[in-house]
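Once you have looked at the hints, place chain V on chain C.
Chain order of the listed sequences is C and V.
Counting in this note's numbering, the first sequence runs from 5 upward without gaps.
Counting in this note's numbering, the second sequence runs from 37 upward without gaps.
Because the hints were derived from the structure by calculation, they are not lab data.
Keep in mind that the hints are not guaranteed to be accurate.
[What the hints assert, rightly or not] Reference listing, derived: stretches of chain V covered by chain C, where coverage requires no fewer than 3 residues with Cβ under 8 Å from a Cβ of chain C: (1) 89–97; (2) 109–120; (3) 130–142.
The beta carbon of each residue, even a glycine, is placed where N, CA and C say it ideally should be.
Listed below are the residues making up each chain.
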Amino acid sequence: MSPTHEQLNVGESLRIHGISRRGFIKFCTATASAMALPPWMGVAMAEQLRHAPRPSVIYLSFQECTGCFESLTRSFAPTIESLIFNVISLDYDDTLMAAAGDAAEAALTKAMKDNFGKYVLVIDGSVPTGAGGAYCTSGGRSAVDTLREAAKGAAAIVCVGTCSAFGGIPFADPNPTSAWPVTAIVGDKPIINVSGCPPIPEVITGTLLQFVSTGQVPDLDEHRRPKAFFGNTIHDRCYRRPFYDEGKFAKSFDDEGARNGWCLYELGCKGPTTYNACATIKWNGGTSFPIESGHGCLGCSEPGFWDKGSFYAAQSSAEWGKGGAPSPRRALEVGGAAVVAGAVLGVGSAGVSRLRQHRSEQDAADRDKKEG
Amino acid sequence: MSRLTDIPVRIEPSARIEMPAVVGGLGGGVAAILSELVTLLERLANGEAPGAIDLRSLPMSPLDRAELQRVLGDGEVQATVNAQGLSKMRETGVSGVWWIEHFDQQGELIAELIEVSRVPQILSSASDEIAAGARALRAQIATAAAPPVRGGIHVPHP
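Bound-form chain C, shown alone (with noise of 0.2 Å):
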């Protein structure tokens, strides 16, 4: 009996799509290559998976805009990302599959007790607790007691954006929903957090790709988010950095500053805190990101990032505020153990941006030392 499309391995399943070992090898290496992994790696993670049965994935979508998915389904199709479909087996996704109603909570039950222990869960959307978690349910079940009883077996949790990772637009304030990110509501299992709003699609593709290849997770930082893509700001990589090192703003969206390109720190840029790869992965293939189109950063990718003021204003006076308390709003700690700070001053999260930045200064300030 031939094998059924679940039973087969990545390479067979890769073979049916039409995708080649060669395609295959070379999705990797571009893969590898954006993770600044070794460049022998992508042949290695191609030789290794091309073998190995593919993993269970489960796609849970909880209080979310689908914004997520459709970064990573509705890039240029038919992309190398998408790729990553014929490497998994996405067990369940409410979105795509085809099943509705008791079927489809069937297929899920079904995903959960084949590979228990083994799959890898993807959450997109924050968890409401409120209500009794009446805010957000499918097939009669809360999010929030769907995702306990998915994390149960779940090898590691990925959290695909800003509102699983962070709490994202549901948990500003006020938060009427009362929602929290996974790490809120789930603590004993390996969390990676992609965010974004929504995240780049070659980031959410490459994570994946890394911990199925690898089954390890990757360096993360503190705030849990692979360092390979979040590694650095988007202002240390930025094209326009050379401009804010010369001190040239723009200082409205249509004066001369704006159109010779100068930097966008004075019109509100979140740059130089937020951490993130569009600087040098960029958007819809490759072709540019929010600065590159005149506009600043908003930060999307960081804690709170919709309750740091307005997007416009400079941070030295958005973020910190200039001789004054801060505005209050609901910071959030994921950092470390999986604990959450209720409604407190957004101090934390400021604070962690402000040390960033003076950890930069610093380094900058020994760089300049060494080549000085």
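Just chain V now, with coordinates in the frame of chain C:
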């Protein structure tokens, strides 16, 4: 000592002497890449594993890139792989140093590396696929009126 690879071959450091002369006046980044290539080449010549340098991970100006290409020069071999977009590779003037560019289906450059190997890894055929090829051919021979094969897919007679 029954095989050729058992004979210990070691490139003498004198091979390096030419490099500083060529490198003279180059930007630090280019000189560093060339120096790493020398190390990788010596390892390969000593029977060690192939290596590679990811060009996209290095901050190189277009000038540096042009300079690196000029120093390495052009070799005799060029190859193209058509799998999920084009991949172009050419051996540089330095034997064993391959310049490889991977493009996606939209023609965007998605990876660029310099590989130090006898032949780029992506070019060589895989053992399991060679075995599968033998099985497929054997089946073809066994079938009296073997249908023509195009790209590995059986095409029925019209």
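**Request:** Please write out, lowest number first, the hints stated earlier that are contradicted by the structure.
**Result:** none
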